[in-house]
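Protein sequence lines correspond, in order, to chains E and G. Under my numbering, think of the first position of the first sequence as 1, with each following residue one higher. Under my numbering, think of the first position of the second sequence as 1, with each following residue one higher.
Since the hints were made in silico from the structure, they are not lab data. In this text the structure is predicted, and so the values were computed from the model without any measurement. For each residue, glycine too, the CB sits at the ideal point set by N, CA and C. You may find that some hints are simply not true.
To be verified - Straight-line C-alpha distance at most 30 Å; calculated DSS-like pairs for lysine-lysine:
1) G:Lys-288 <-> G:Lys-278
2) E:Lys-70 <-> G:Lys-102
3) G:Lys-278 <-> G:Lys-265
4) G:Lys-298 <-> G:Lys-265
5) G:Lys-278 <-> E:Lys-70
Claimed, not checked - Partial list, derived from the structure: chain G residues whose beta carbon lies under 7 Å from chain E:
6) Leu-181
7) Asp-213
8) Ser-246
9) Gly-250
10) Glu-252
11) Thr-256
12) Trp-259
13) Gln-319
14) Lys-320
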Amino acid sequence: MTHPRLARCGLLLLVAPWTGCIASNVVAAGDRLVTTPLEQLHFEVAPALALQGLYESVEIRGDAALSLRKVYYLFDARGTYTAAALTETDGVLGFQTLNGTWQSTVAGLALDGRPPVLLEQAPQHLRITAESGVLVLRAASLK
Amino acid sequence: MATKLLQWLGALFVVLLVAAALFGFMVLKDRVRVVVQSDAPATGSDPTALLRDDVQVLAGRVAELQAALSQNFERLQAAIEERAAARHADVMALRREVGATKQLLDHLTQDVVAMREQVRGLPAQAAAPQPSAPTPGPQRVEVAPEVVVPAEVKPSPPAPAEPAPAVPQAKPAPGFLSFSLPTVQFRCDELQDYTLLPGLCRVGFDAKSTLHDFTGVTERVTGRFTADFDDPQGAWSGEVAVEAGSLVTGVEGRDTDMWEHLAAKEHPQIRFTIERFKPAPGGIDVAKQTARGEIEGKMTIRGQTHALTMPVRLEVDAQKRVVVTGQTPLKISDYGVPVPSQLGIINMQDEVVVWIALRARMQLKGHK
Numbered sequence: 001m002t003h004p005r006l007a008r009c010g011l012l013l014l015v016a017p018w019t020g021c022i023a024s025n026v027v028a029a030g031d032r033l034v035t036t037p038l039e040q041l042h043f044e045v046a047p048a049l050a051l052q053g054l055y056e057s058v059e060i061r062g063d064a065a066l067s068l069r070k071v072y073y074l075f076d077a078r079g080t081y082t083a084a085a086l087t088e089t090d091g092v093l094g095f096q097t098l099n100g101t102w103q104s105t106v107a108g109l110a111l112d113g114r115p116p117v118l119l120e121q122a123p124q125h126l127r128i129t130a131e132s133g134v135l136v137l138r139a140a141s142l143k
Numbered sequence: 001m002a003t004k005l006l007q008w009l010g011a012l013f014v015v016l017l018v019a020a021a022l023f024g025f026m027v028l029k030d031r032v033r034v035v036v037q038s039d040a041p042a043t044g045s046d047p048t049a050l051l052r053d054d055v056q057v058l059a060g061r062v063a064e065l066q067a068a069l070s071q072n073f074e075r076l077q078a079a080i081e082e083r084a085a086a087r088h089a090d091v092m093a094l095r096r097e098v099g100a101t102k103q104l105l106d107h108l109t110q111d112v113v114a115m116r117e118q119v120r121g122l123p124a125q126a127a128a129p130q131p132s133a134p135t136p137g138p139q140r141v142e143v144a145p146e147v148v149v150p151a152e153v154k155p156s157p158p159a160p161a162e163p164a165p166a167v168p169q170a171k172p173a174p175g176f177l178s179f180s181l182p183t184v185q186f187r188c189d190e191l192q193d194y195t196l197l198p199g200l201c202r203v204g205f206d207a208k209s210t211l212h213d214f215t216g217v218t219e220r221v222t223g224r225f226t227a228d229f230d231d232p233q234g235a236w237s238g239e240v241a242v243e244a245g246s247l248v249t250g251v252e253g254r255d256t257d258m259w260e261h262l263a264a265k266e267h268p269q270i271r272f273t274i275e276r277f278k279p280a281p282g283g284i285d286v287a288k289q290t291a292r293g294e295i296e297g298k299m300t301i302r303g304q305t306h307a308l309t310m311p312v313r314l315e316v317d318a319q320k321r322v323v324v325t326g327q328t329p330l331k332i333s334d335y336g337v338p339v340p341s342q343l344g345i346i347n348m349q350d351e352v353v354v355w356i357a358l359r360a361r362m363q364l365k366g367h368k
């Protein structure tokens, strides 16, 4: 065995014990997609919830997601709300604003006296399931 | 005697006086005008007082008119409010109807898609008498006339049976939670423009080395593409760009070496240009909005460009985003990237697996 080969073997023997210290960090094929922490949230039906404060959307599902980009709700304990939605129409983004009333009952969340929709709650989060989509809101603070 | 003379003189004086009076009357009767005045001539006809009186009369009338107008205005306002309430109720009813119609339309669309699939299967069954083998192209042409499908759906009585339970749910107003949204449906079987979503895309490579395997990954991915899942010709186009200097492997020193090998300063971007999509046999499912096949294009690393084919899978997630995943092996030496080696004993393999995990949003255009 030539000297260079002996040297390589020696180095390999020296390095071999350290290989266990460097763990493989290969990302599994199933974990390649960017995930959101929302998947770990456990939502429960929230009857007669006392809504108050600012909420911002963190996820929009369903057909509404095609044109709805962001939603903000500011709920007042007196039963009124104001909201803004960033929508996209024909490639143009624009805000829509709303003012109305809300009521949370056993049947769900009724906005502006309309039929109630399913309202669920998780820590710091709300999930509203309406006819054309699902809106997940996260509590935010006014700064 | 003197007394009688005085009497005659007196009588004569009286006669003369009467005659003078008569003469004077005759002379002045046409020149003198007798006017009878009231007992309070001092006040006279004061124009200011008359004007004041007129103004007072007018003020009274204006007050009466104002009272009458205010009553009329109140009645008018009440009538307007009543009408507005009625209009609002009508609008709400119309909104509900539109919502119900939209839902019915959604169900019909689903039926159409299902029927399309059934129609799609027909050529395969009818292929026996026809010598030509069925290909995706003709199938698409046969399905194309969409007008036929509603004509089939419309007269069929069972069709309303399916959306029937949805009628009570049609009460909510159109749009979403009181917001007015355009009625858009995701159509992957039409040519659409898609934009990659920053922060929701990952591109990486899996490499093997003497010590251990590792992954280099980045989320600094941009790009867009145009695609029609159901296009048998696969005339797709677009480009995905990655910031070479943002790739990380989890080991700082290795990252620095990697950026040097990739010449990230001179060639800051790794690009993949999409030229064509070759669908896998049976890989297109319009109903499920999925596609499997190979994307053909050109990969540019370190300024060197070579053709590259990557098997991919496309699907639509709950947020109505297109999710593109795929991977393919690639030799880094083909692109002039030196294969890393430490002291000749810790070597990285030349071949790495390049993978993508992208999310893209359909660009809304021309939808009302």
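We went through each hint and held it up to the structure:
Our distance criterion of 30 Å between C-alpha atoms is met by Lys-288 of chain G and Lys-278 of chain G, whose separation comes to about 19 Å. Using a Cα cut-off of 30 Å, the hinted pair Lys-70 of chain E and Lys-102 of chain G holds, with the two alpha carbons roughly 23 Å apart. Taking the CA atoms of Lys-278 of chain G and Lys-265 of chain G, the gap is about 34 Å. The hint is violated against a cut of 30 Å. Proposed proximity of Lys-298 of chain G and Lys-265 of chain G is supported: the alpha carbons are some 21 Å apart, at most 30 Å.
Between Lys-278 of chain G and Lys-70 of chain E the CA atoms are separated by roughly 35 Å; this puts the pair beyond 30 Å, and the hint is violated. Using the Cβ-Cβ criterion of 7 Å, the hint placing Leu-181 of chain G at the interface with chain E is satisfied: the shortest such distance is roughly 5 Å. Taking 7 Å as the C-beta cut-off, the interface hint given for Asp-213 of chain G holds, the closest approach to chain E being about 5 Å. Interface restraint check for Ser-246 of chain G: the shortest CB-CB distance to chain E comes to about 14 Å, outside 7 Å, so the restraint is violated.
Restraint check, Gly-250 of chain G versus chain E: the minimum CB separation of about 5 Å is within 7 Å; hint holds. The beta carbon of Glu-252 of chain G comes no nearer than 13 Å to any beta carbon in chain E, farther than 7 Å, and the hint placing it at the interface is violated. A least Cβ separation of about 16 Å between Thr-256 of chain G and chain E goes past the 7 Å threshold, and the interface hint is therefore violated. Nearest Cβ of chain E to the Cβ of Trp-259 of chain G: about 18 Å, over the 7 Å cut. The hint is violated.
Taking 7 Å as the C-beta contact cut-off toward chain E, the hint placing Gln-319 of chain G at the interface holds, the least distance being around 5 Å. Checking Lys-320 of chain G against chain E by beta carbon gives a least distance of about 4 Å; that is within 7 Å, so the hint holds.
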